[in-house]
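J.: As a plain string of letters, each chain reads:
Protein chains: 2
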Amino acid sequence: MTTNNHNLIYPQIQNLNVNSFARIVSTGIGLPEKVTTNQDIIDRYHLFATDRAVQYTLGIKERRWVDPKQKLTQLMARAVTECLQRAGVGIDQVDRIIYSKLLGEYQIPASSVALLRELKVDKGIPAFDISSACSGFMHALDMALRYIGTGDDYVMILGGGITSMVNQSWNQPDPKTVFMFGDAIVAMLLEKTNKKHFLASYIFTNHLLYDNAYIPMGTTFLNSTATKFGPGTYTMQIRDGRVIHNSVVESTQVLADKLLQATGLTIDDIDIFVTSEQNTQIWEAQLDILGIPREKSRSVFWKYGNTVAAMSPLMLDELITSGQLERGMLVMMMAHGAGASSGGCIFRY
Amino acid sequence: MTTNNHNLIYPQIQNLNVNSFARIVSTGIGLPEKVTTNQDIIDRYHLFATDRAVQYTLGIKERRWVDPKQKLTQLMARAVTECLQRAGVGIDQVDRIIYSKLLGEYQIPASSVALLRELKVDKGIPAFDISSACSGFMHALDMALRYIGTGDDYVMILGGGITSMVNQSWNQPDPKTVFMFGDAIVAMLLEKTNKKHFLASYIFTNHLLYDNAYIPMGTTFLNSTATKFGPGTYTMQIRDGRVIHNSVVESTQVLADKLLQATGLTIDDIDIFVTSEQNTQIWEAQLDILGIPREKSRSVFWKYGNTVAAMSPLMLDELITSGQLERGMLVMMMAHGAGASSGGCIFRY
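The listed protein sequences correspond, in order, to chains A and B. Residue 1 is where the first sequence starts when you use our numbering, and the numbers rise one by one after that. Residue 1 is where the second sequence starts when you use our numbering, and the numbers rise one by one after that.
For reference, chain A alone in the conformation it holds in the complex (with noise of 0.2 Å):
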């Protein structure tokens, strides 16, 4: 296996010194009704494509795009609603909201206070985007843990977004990631507890991998050909797939050893592994690099493909509704973003 953060020195593991513990109240997901199938994207565009090639090499089968009307803050606000009705917490309870983007709904203001709109919010909640790629939510859950440990009863944590958008307005889509990714939103709510939860959490990120997947989008691109727009503007560039797959399998390997090292367990203690799978085979391989079966995990990227930080929390949804995943079970739960980037936590549920 090709090492590609050999150069990398990691950071130490640091404990958690909060002075109110935090625990996940419920999950809720915002999702496009319309399901999107290799065959409609085959046919929409014209591709010399089959369903059963894209299958095979992606593991991918269908994963919902929005209807064009549809706006990022309803996905937003559709997720914060579940979620909060799954716990019985009203909107007004909420000390902060961070969502973890990838194209906002503008560039500003930050598309959490247009999530406050969308809901009609009276209350002012401080609210901020941040942007982190896949690994986005992992750095927006170990921020709320921050913030309940200091003084938030409260923290509303949402990650995903709209992607589709780029292919849908162009009609003339890149056929190396049309097939990728997919639209959703998730929030997450937790809440103060006096019970220690999360045991630990780990964030680090790889700068030699900064250049392998990206969106151009940016300063740079204004620095260089700004006259040339189109959807690969906005679409996320990949080098080299092996490379985001042998870093993430890495990435994985680095993150639970710090997690187990720093709260005693082995991985035969993990009850549920949660990741982020940028395709199928990534996310068999994280599972296969340390030794967890099939059975504690549950992919769900045929369904939804990439949707970049909402994978893993979409993940934990499913496993929660699903009833796999029980209160007081052990959860090592982690994202990758393209190599740059990876978090990763142990809490018990």
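In case anyone wonders, no lab produced these hints; they're calculated from the structure. It is possible that some hints are incorrect.
Copies of the same chain look alike in the list, so a pair counts if it fits in one copy or across any two.
30 Å max Cα-Cα, derived DSS-like pairs, lysine-lysine [unchecked claim]: (1) Lys123 with Lys71; (2) Lys258 with Lys123; (3) Lys34 with Lys69; (4) Lys71 with Lys228; (5) Lys120 with Lys34; (6) Lys258 with Lys192; (7) Lys69 with Lys228; (8) Lys34 with Lys71; (9) Lys228 with Lys196; (10) Lys228 with Lys176; (11) Lys120 with Lys258; (12) Lys71 with Lys176; (13) Lys69 with Lys296; (14) Lys69 with Lys123; (15) Lys123 with Lys192; (16) Lys303 with Lys196; (17) Lys192 with Lys69; (18) Lys296 with Lys61; (19) Lys123 with Lys296; (20) Lys176 with Lys303; (21) Lys296 with Lys258.
Add chain B to chain A, keeping to what the hints say.
T.: For chain B alone, kept in the frame of chain A given last:
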């Protein structure tokens, strides 16, 4: 005065329930060398304007614009390097990097990861970007207090960005904003300390103003008129400048009330007032509403313009380097994001 916030219920101010206190060690700035005067802009774009009229209307004389070959991460690295040199701290001692961006280098990965590459750091320091427009630095600062409060020793925060490249790329500037914005990055290092420096911190959002000032680029734009790209897609669209002016003044009063209430201080106890100035009049109006004399602050709008999240920390850096702000003084620092988001704190420098 028009009241923009009258329907808003302000969140209660919270005690910072931290296990470790934080203090500001140092700041550092990353500015393009090139000073761009009003006359430079008038000449370059053949605008019907005079230097005198621009100075009179906006209060701006000059601003920094990057050389088109200059990259965002170069300015970021310059700010961080100066900040670390002033502190006598090595980058490897930093536990976390938070960058409040406008347009990042790429959309993803995070530009804070690109900064690590630019600095050739070996350690995989956790790093991510946040997005909350002009108030973003206060979000990052509040977050740094939480991270240090729960375990970090050193947190580096950055704010600002490059806005000029949009106008420089298209050569069709928006006359409403072309004079207003400047390029700048400011870095700030915070460290763990055993004395309470930050006495209170407060943030709120106002979604009623979400649509008054925005940068269209995002899913909303893709959902509507994706074929008509232009400089307006990437530059601030301002519906009503008076709404911004009035909401900033109102928000200044709200923040000051909350912060003084939480600390038991009066406005006369404040030695130095630092804020964001969308123009010179907005700076003056904030001082006037609070009854703070001009001598307790220092406008830098005339030479830097609107540098988005860098505005407040640029003013702070100027106050420090000029010797006006001395250790032990009480500072009220705030920033306002076009009305949609405001944040502030009181700290003993």
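J.: Against this structure, judge whether each hint is valid.
T.: Verification of the supplied hints:
1. In this assembly of identical chains, Lys123 and Lys71 lie within 30 Å of each other by CA distance solely inside one copy; the values are 23 Å within and 39 Å between copies.
2. In the homo-oligomer, the alpha carbons of Lys258 and Lys123 lie at most 30 Å apart only across protomers (15 Å), although the nearest pairing inside one protomer, at 40 Å, exceeds that limit.
3. Taking the closest pair of Cα atoms, Lys34 and Lys69 come within 30 Å of each other only inside a single copy of the chain (12 Å); across copies the shortest separation is 44 Å, beyond that limit.
4. In this assembly of identical chains, Lys71 and Lys228 lie within 30 Å of each other by CA distance both inside one copy and across copies; the values are 26 Å within and 19 Å between.
5. Within a single copy, Lys120 and Lys34 get their C-alpha atoms as close as 26 Å, which meets the 30 Å cut-off; across copies the closest is 45 Å, which misses it.
6. Both within a single protomer and between protomers do Lys258 and Lys192 lie at most 30 Å apart by alpha-carbon distance, with minima of 25 Å and 24 Å respectively.
7. With identical chains, the CA atoms of Lys69 and Lys228 are at most 30 Å apart both within one copy (26 Å) and between copies (18 Å).
8. Taking the closest pair of Cα atoms, Lys34 and Lys71 come within 30 Å of each other only inside a single copy of the chain (14 Å); across copies the shortest separation is 41 Å, beyond that limit.
9. Taking the closest pair of Cα atoms, Lys228 and Lys196 never come within 30 Å of each other, the shortest separation being 52 Å inside a single copy and 52 Å across copies.
10. In the homo-oligomer, the alpha carbons of Lys228 and Lys176 lie at most 30 Å apart both inside one protomer (20 Å) and across protomers (25 Å), since each shortest distance falls under that limit.
11. When the C-alpha separation of Lys120 and Lys258 is checked against a cutoff of 30 Å, the pair qualifies only between copies, where the shortest distance is 24 Å, while the shortest distance within a copy is 42 Å.
12. Taking the shortest alpha-carbon separations for Lys71 and Lys176, both the intra-copy value of 25 Å and the inter-copy value of 29 Å come in at or below 30 Å.
13. With identical chains, the CA atoms of Lys69 and Lys296 are never at most 30 Å apart, being 38 Å at best within one copy and 50 Å at best between copies.
14. Taking the shortest Cα distances, Lys69 and Lys123 sit within 30 Å of each other inside one copy (28 Å), while across copies they are farther apart (44 Å).
15. For the homomeric pair Lys123 and Lys192, the shortest alpha-carbon distance inside one copy (20 Å) is at most 30 Å, but the shortest distance between copies (32 Å) is not.
16. Proximity of Lys303 to Lys196 under the C-alpha cut-off of 30 Å is found in neither arrangement, the shortest distances being 34 Å within a copy and 51 Å between copies.
17. For the homomeric pair Lys192 and Lys69, neither the shortest alpha-carbon distance inside one copy (38 Å) nor that between copies (49 Å) is at most 30 Å.
18. With identical chains, the CA atoms of Lys296 and Lys61 are at most 30 Å apart within one copy only, with a shortest distance of 22 Å there and 63 Å across copies.
19. When the C-alpha separation of Lys123 and Lys296 is checked against a cutoff of 30 Å, the pair qualifies neither within a copy, at 41 Å, nor between copies, at 32 Å.
20. Taking the closest pair of Cα atoms, Lys176 and Lys303 come within 30 Å of each other only inside a single copy of the chain (18 Å); across copies the shortest separation is 47 Å, beyond that limit.
21. For a Cα distance limit of 30 Å, the shortest separation of Lys296 from Lys258 inside one copy, 20 Å, qualifies, whereas the shortest one across copies, 48 Å, does not.
The earlier numbered hints that this structure contradicts are 9, 13, 16, 17 and 19.
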